[in-house]
Amino acid sequence: MSSSTEVVATYANIILYAISYQLQRPVEPFLVRSLIHNNQNNTSNTNEEESSNQTYGRLTSFFSFIQTIGSPLIGILLDRIGVRKTSILVYFASALSYWILANATSTTWLFWSKLPTILQHAFLVGQATVASSTAATSDNNNESGGSNGGDKQRAVALGRMTTAYTIGATIGPALGGYLAMGDLFAGARLAIWGSIISVILSIVFLKDRNNSERTEGNKTNNDSQKHHQQSFLQSIHRTLSYLRHPTIGPLLFIKLLNGVSSSAFTTVLPLVLVNKLHLDTSQLGYFMSASSLSVAVFASFGISASMSFVGNRSDRLASLGLALRAVSIVCFGGVVSWCLLHLIAADDTSEEQQLVLPTEGLWLATIASIAVSISSHMHATSLTTLTTGAVSVEQRGAILGLEHGLFSLARVVGPPFGTHILSRPIIMSEFMPESGFAGIWGVISACVIVDVILLVCLHRWSSKKDTQMNSDECIGLTKAGDDTYDEHDHSD
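Residue 67 in my numbering sits at position 67 of the sequence shown; the count goes up by one each step and never skips.
Read the hints as simulated data drawn from the structure, not as lab findings.
In this text, a Cβ means the ideal position worked out from N, Cα and C, and glycines have one as well.
It is possible that part of the hints are untrue.
Claimed, not checked - If you anchor each label on the Cβ, the simulated ranges turn out as follows: (1) Ala345 with Ile200: 52 to 62 Å; (2) Phe65 with Gly334: 25 to 35 Å; (3) Thr5 with Ser308: 27 to 37 Å; (4) Asp280 with Arg244: 45 to 55 Å; (5) Gly311 with Asp183: 46 to 56 Å.
To be verified - In the DMTMM-like style, the derived pairs of lysine to aspartate or glutamate whose C-alpha atoms are separated by at most 25 Å in a straight line are: (6) Lys114 with Glu50; (7) Lys464 with Glu360; (8) Lys85 with Glu6; (9) Lys114 with Glu28; (10) Lys207 with Glu6; (11) Lys114 with Glu6; (12) Lys114 with Glu48.
Model the full structure from these sequences, guided by the hints.
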């Protein structure tokens with residue numbers, strides 16, 4: 001089986017995985033509200049909206065908690081049992097999750113459907129493959145003094161891996177929103193078959209590379225051999241040791257805090273669009289698809305240009321992404337406020353119950369959301385480039401698993417935090433309470449504050465690293481006696 005065939009199968013699986021998962025995104029807020037309405041017929045509209053917001057936040061948080069447990073384990077499995085077996089586990093778990101969701105009759109079943117997602121990490125499988133495939137070229141560039149070029153190549157490769165996902169993420173929400181117009185569970189039933197096809201593709205086209213094969217041609221590398229001889233618990237302990245490292249630890253902290261802010265905003269976003277701006281499932285699906293398509297285009301063409309613009313420095317690109325995201329979030333808040341004022345004015349002058357968002361308002365909200373998505377992608381991809389460039393090839397699966405686990409942990413905190421502020425704002429709570437102004441701007445303010453804090457942390461990290469490189473350019477992480485790291489720490 002040629003490696004090119006495996007790569008094509010991997011990209012096909014990622015696209016199917018993205019379509020299957022994203023089919024549910026525009027539907028879940030409506031599904032939660034529908035199941036709560038069916039089981040609480042006597043509640044007021046205000047209480048029902050607050051209950052659906054809180055339940056949606058808890059569901060998202062529970063899903064992230066389950067993923068937090070699974071992410072580091074999947075990363076270690078990638079290093080130990082290979083892509084094929086891990087892919088089969090991932091897609092079988094996905095099919096089981098969608099089957100439970102398709103048969104849900106209460107919000108309790110929605111929570112049950114999240115349990116199999118402990119193994120649902122297909123993007124991590126593909127991402128680890130991409131990061132490793134650039135290792136040889138990056139190493140050659142580092143040996144010849146072109147470390148920034150290798151870093152750029154890895155950033156571009158990771159960005160294009162995201163393109164494969166966002167192709168599916170562009171199709172999924174629009175298709176899911178369209179199908180939900182007739183049946184809220186249609187997307188889940190379709191996702192079952194998408195996951196089964198991915199299981200078959202994994203069995204037929206992917207090849208496991210066992211430990212001896214992965215170390216072939218590098219038998220003189222004692223560190224690599226020691227890594228593959230470790231027990232599973234030792235691998236977990238070794239992976240968690242990254243949290244204490246003075247170079248990688250701060251990056252992982254930034255990743256964690258960024259995940260809290262990002263997940264709070266992305267959880268609140270569909271609730272605002274549905275409950276305040278009155279979008280239906282189809283409109284919400286197209287809205288999400290537009291953001292995904294924009295990220296896909298930027299990942300294919302924009303990352304390389306952006307890296308060149310900042311001098312091939314991933315830390316500078318990460319800072320730029322944070323600054324742009326903060327501005328974009330404020331712009332989104334301004335657009336939503338304008339739309340709310342329009343709807344309030346229309347409600348006062350019209351006797352009709354159904355309010356329609358003006359077309360220009362929907363377009364402006366979409367553009368602002370696209371700006372948030374692109375800047376978030378710019379920041380996240382840059383951080384992943386920095387962390388994968390700071391470890392040896394054998395540990396890249398583990399570090400990616402740890403990153404995904406930390407982001408999932410952040411999403412345990414972010415969604416309920418965001419929905420709590422949205423429903424029960426701390427400040428301006430008496431200002432037009434029915435409109436939701438206070439809650440929306442409370443979430444926006446919290447996200448912007450976090451972005452400013454992360455900008456300061458990233459600036460301090462960059463300054464410290466520049467000082468270290470200037471003081472002794474020849475010292476790598478491996479010289480300190482820690483065989484987990486190597487000279488890739490100076491790839492920037």
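Against the structure, the hints come out as follows:
For the pair Ala345 and Ile200, the supplied restraint of 52 to 62 Å holds, since their beta-carbon distance comes to about 55 Å. The hint said 25 to 35 Å for the Cβ distance between Phe65 and Gly334, and at roughly 34 Å that hint holds. The supplied range of 27 to 37 Å is met by Thr5 and Ser308, whose beta-carbon atoms lie about 33 Å from each other. For Asp280 paired with Arg244, a C-beta distance near 49 Å keeps the hint of 45 to 55 Å intact.
As the Cβ distance of Gly311 to Asp183 is approximately 52 Å, the hint placing it in 46 to 56 Å holds. Proximity of Lys114 to Glu50 is assessed by CA-CA distance (about 22 Å); at most 25 Å being required, the pair is judged to hold. For a cut-off of 25 Å, the pair hint linking Lys464 to Glu360 is broken: about 46 Å separates their Cα positions. Restraint check for Lys85 and Glu6: the C-alpha separation of about 13 Å stays at or below 25 Å, so the hint holds.
At roughly 12 Å between alpha-carbon atoms, Lys114 and Glu28 fall within 25 Å of each other, so this suggested pair holds. With a C-alpha separation of about 7 Å, the suggested pair Lys207 and Glu6 falls inside the 25 Å cut-off, and the hint holds. Using a Cα cut-off of 25 Å, the hinted pair Lys114 and Glu6 is violated, with the two alpha carbons roughly 29 Å apart. Between Lys114 and Glu48 the alpha-carbon distance is near 23 Å, which keeps this suggested pair within the 25 Å criterion.
Comparing the model with each numbered hint stated earlier shows that hints 7, 11 do not hold.
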